[in-house]
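Those protein sequences? They're chains A and B, same order as listed. The first sequence begins at 1 in the numbering used here and counts up by one. The second sequence begins at 1 in the numbering used here and counts up by one.
Take these hints with a grain of salt, some might be off.
Said to hold, decoys possible - Footprint (simulated), chain B over chain A, 3 or more residues, beta carbon under 8 Å: (1) 111-118; (2) 254-261.
Stated by the list, open to error - Beta-carbon label-pair distances, calculated as ranges: (3) A:Glu-131 with B:Gly-264: 55 to 61 Å; (4) A:Val-264 with B:Gly-264: 39 to 45 Å; (5) B:Val-49 with A:Arg-55: 41 to 47 Å; (6) A:Thr-193 with B:Arg-297: 36 to 42 Å; (7) A:Lys-274 with B:Asp-257: 36 to 42 Å.
It is worth saying that the hints were derived from the structure and are not from the lab. Since this is a predicted model, take the numbers as computed values, not measurements. Each residue gets a CB set at the ideal place from its N, CA and C atoms; glycine is no exception.
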Amino acid sequence: MDRRDLFKTACVAGASALVGRNLAAQGRERVGGGGEAMGVLVDTTLCLGCRACERACAEAKGLPLPEDEVDLFEERTTSPDRLTVVNAYQTERGRVTVKRQCMHCLQPACGAACLTAAMKKTPGGPVIWREDKCMGCRFCMISCPFDVPRFEYDSANPRIRKCDMCFERLQEGEEPACVASCPTGALKFGPRTELLDEAQQRVYSQPDRYVHHIYGEHEAGGTSFLYLAPVPFEQLGFPTHLDTTPYPTYTREFLYAVPVVLTVLPPFLLAVAKARRGEPADESGERWTE
Amino acid sequence: MNARAERAAQMATEFRRFVGFVVHELRPKGRMLTPFNVITASIIVVGAVLLAIRFTQGLGSITNLDQRFPWGLWIGFDVITGVAFAGGAYVLTFMVYILGQEKYRPIVRATVLNGFLAYVFYAGALLLDLGRPWKVINPILGNSFGVSSVLFLVAWHFLLYMTAEFVEFSPAVAEWLGWRRVRRALGGLTLGAVIFGITLSTLHQSGLGALYLMAQDKIHPLWYSEFIPFLFLVSSIFAGLSLVIFEGSITHRVFHDRVGARLGRSHDDILIGLARICAGTMFVYLFMELLVLAHGRHWPLLTTGWGLWYLLEVAGLVAVPAVLFLLAHRRRNVTLVRGAAAMTLVGILLNRLNVSVIAFKWYAPNHYVPSWEEVVVSLAVVSAELWVFRWVVNRMPVLATAEETERGRSAGRGLRLVA
Ligand code: SF4
Ligand code: SF4
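In isolation and in its complexed conformation, chain B is listed as follows:
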């Protein structure tokens, strides 16, 4: 009886400490009035106002979508491009947990966190675009399954993959909260989540391309082919890794006090290793593009205006950065790796927008161009993601190990939870 009361009292204290800790952590850290904060906060506020208008007056009130162009920037940029950029998580977890390339382990957490948030925000942006979002439960709860739909597959995979990535990241949350036993249990789930996540990723990365298979008459022949799913899958590998390189370089500067010794030591090495993998997959991709071009006998189209646009994308922003990656790897030049990654990201952005927006109904007079409101909402989605990312990185052991983070805390950079 006594023991039980004691235990209850103990739990109460624990709970109070937990609440106190979370409340403390929720408070912002650092200066509030930085240029980044001011700009992104205003974007988010304007975006929220625009969304309020959109949900009360219909999609037409703030978008330039019409009967001919039912999908615009929100799908083309946020969902299709955003998810390609988030591909780094499945590639890296594959390399580390399946192939055992320990070298890349220090960046796994940041990448998985980034991937998870990207899915929450960018795949979540799909909800902003839905005309009747409250019906989204239909294909989820199962009262109406459209199993012959590629979008059905993609939507389900988004959901499942978010769960898998959360499980992959959850050890960091447990460490942050100081829940050792939970942490150990969650660690045991990682491999399963990773395997599930990789499988889902191969399917929905290619599935995003398969969405356009029935739109074949509407997409310019240089971008439409029945192999879109494969092209999307392969390009998601180097798109994701390029984002890892790019994001890593920025994160390291911004969060330098959160970076652990292990990561600090090996970061350049990691980037140079990634450069080689990018180059490899990009050459595979280029070879596939070439085969597709030959298969469709589309050579003559290359001399048209659209052909030049295509060459800019494929030669200028895939082939050139592929060579740069290779050079950077040979010369161990980290700056060059970053440059090549930036170019690759632009190339992927162009590719996804070409398929989904720019070369979609390329023949139509008065082609769709996004409204400024659509652009602001897209930027607001990105800004919101960055805020959450920053909040997590500043608190949880993402860029450093749990022990390093704990030591940091005791040294006065936050509350020391575990006495």
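Next comes chain A alone, as it looks inside the complex:
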């Protein structure tokens, strides 16, 4: 055990007595998400790059329709009024087109960052943003490992904008707009566990077609969007250095230590202050204190 682990153990042991059980329980809830947590499987080998999903998204969200003609190889990013984009990459196996949007992490960094709980993982899968809560601090943008949340810098009443997996459509039992619009089945909506099974099956049954990697299975602790690709994901602009640790874990230790410090330090300081004798002098001399 090295120094760091020793420290960690000490902290965690102390803290868990106080809040540990509580937080750990929350954590579990979020990881599992139940059998019915939904997700989307993106099979880039089936994607034509037709951008029907971009248009469907804009329509569903009341955003300006995307330009008709774009050079897919010129990488575009999402923006406050474009919540999903399709980009093309020249790879060792030719052109591959990829749709990108919020990954809907199982334990989202944005949610752990948000001090108003405006960003929230819903049990059904979507990570949503709630306008009535957000105070616009943009800590979610600092924390998201995929750089997804966007901020309306040109508005006096700015919102955070990102894909919410069509949360409202899901409530009504519909699929996300992008999935419904996809002509080839490159996008598939369903319970994440089933999608994962399906993805594995595709990879195993067609090893020539796919690389042996389901992006989103473990990245950042797992995401509700899962990707299949014919080439390694770094060729498609995905961050591939991400740890498999869920991001909220990185601050959890610190937060565990907080109640410990709050309960241990004050009595300690008081004891030290009381232990020393000597007249308690005051700034302003006798006249003010006698």
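Using the hints, position chain B with the ligands against chain A.
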């Protein structure tokens, strides 16, 4: 019946005298058209205009922030650096009220005042940066608590700590107003406020570092480590004390007629004592930096351009001033103490900006650079703080005891309140 009427009349006179006193004190003292006043006032006016634009047209109208760089100078300088510089208050109150080092008592008030104002203005600058500041009541009133958020913790601590520091400073306000009974009651609260304040400070000084724990892939490895919270905490000790040294030296020149005999006599001694504490904590910090570097096996990075930048910060602006502090202490050289403090402040400024702005997304093409508007607003925040600081120091017993201040007043430097 009669007695009551008399009492009411007495209270009315008291009240009238109180209002008259406050109105009198609100008036500016001294010459108005000094270079300092002219420059800072224009900065504040321009800053106010810029903020009006910002609040009507959005953050993008005057800042260079964008989707890749959501936090810039206002967070990196005003909040993160400003709060580190304000660390002197918790360190000094610890030394004086907890450890009983009476030697430092004469500078406690100025430091606490400075800390309090720093939190009001610099932590308050967080509000300027919020896109939807009117929602700030959400995490405070509790209709939506994001308890898993480090920022939640930090924001709450800012608020609580401001209160604690105000309580610590409140005896000076009571003395200024001549409220003896209140003064005595407030004095009884000090130790509690100090203990609470120190606890809060350890947590939010480190918490500011913990803000970046989830941004680990975005910060250059020389500045990111899982130990950022500890590094921020330890460096806030010598950052805060260096500011105390620096600020004290300036205050003494500017407000020399407000400095009491006790402080005047011991000031050099105090600075030399602080120099030793700075040196000690800086060596601890350097040792931690070394461990972190070894732990991450980042030696090879030191020969890159970023490595040189890192060495400038850690070797040039922490190790060198640490040695200078030590020398200054040995030779009892106050000028050297001031020089070392100035260097340390630059080093801390660099460190906080490196973590929050400069080495954040160091790989990005077209890195964020603050706009002139952002710089002016930041300077306006600093200027406003200095104005309030000056106003308070010129009126309340901050640099001198209440009795000395009273004597000063009767000698014609202001209204004599207590007959
Ligand atoms: S990808 Fe980013 S914005 Fe989307 S859920 Fe994950 S952390 Fe949140
Ligand atoms: S900007 Fe809004 S959603 Fe993002 S962390 Fe801040 S309060 Fe939460």
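Hint by hint, here is what the structure shows:
no.: 1; hint: 111-118; in the structure: holds (count 8)
no.: 2; hint: 254-261; in the structure: holds (count 4)
no.: 3; hint: A:Glu-131 with B:Gly-264: 55 to 61 Å; in the structure: holds, 57 Å
no.: 4; hint: A:Val-264 with B:Gly-264: 39 to 45 Å; in the structure: holds, 40 Å
no.: 5; hint: B:Val-49 with A:Arg-55: 41 to 47 Å; in the structure: holds, 43 Å
no.: 6; hint: A:Thr-193 with B:Arg-297: 36 to 42 Å; in the structure: holds, 38 Å
no.: 7; hint: A:Lys-274 with B:Asp-257: 36 to 42 Å; in the structure: holds, 39 Å
Of the numbered hints given earlier, the model fails none.
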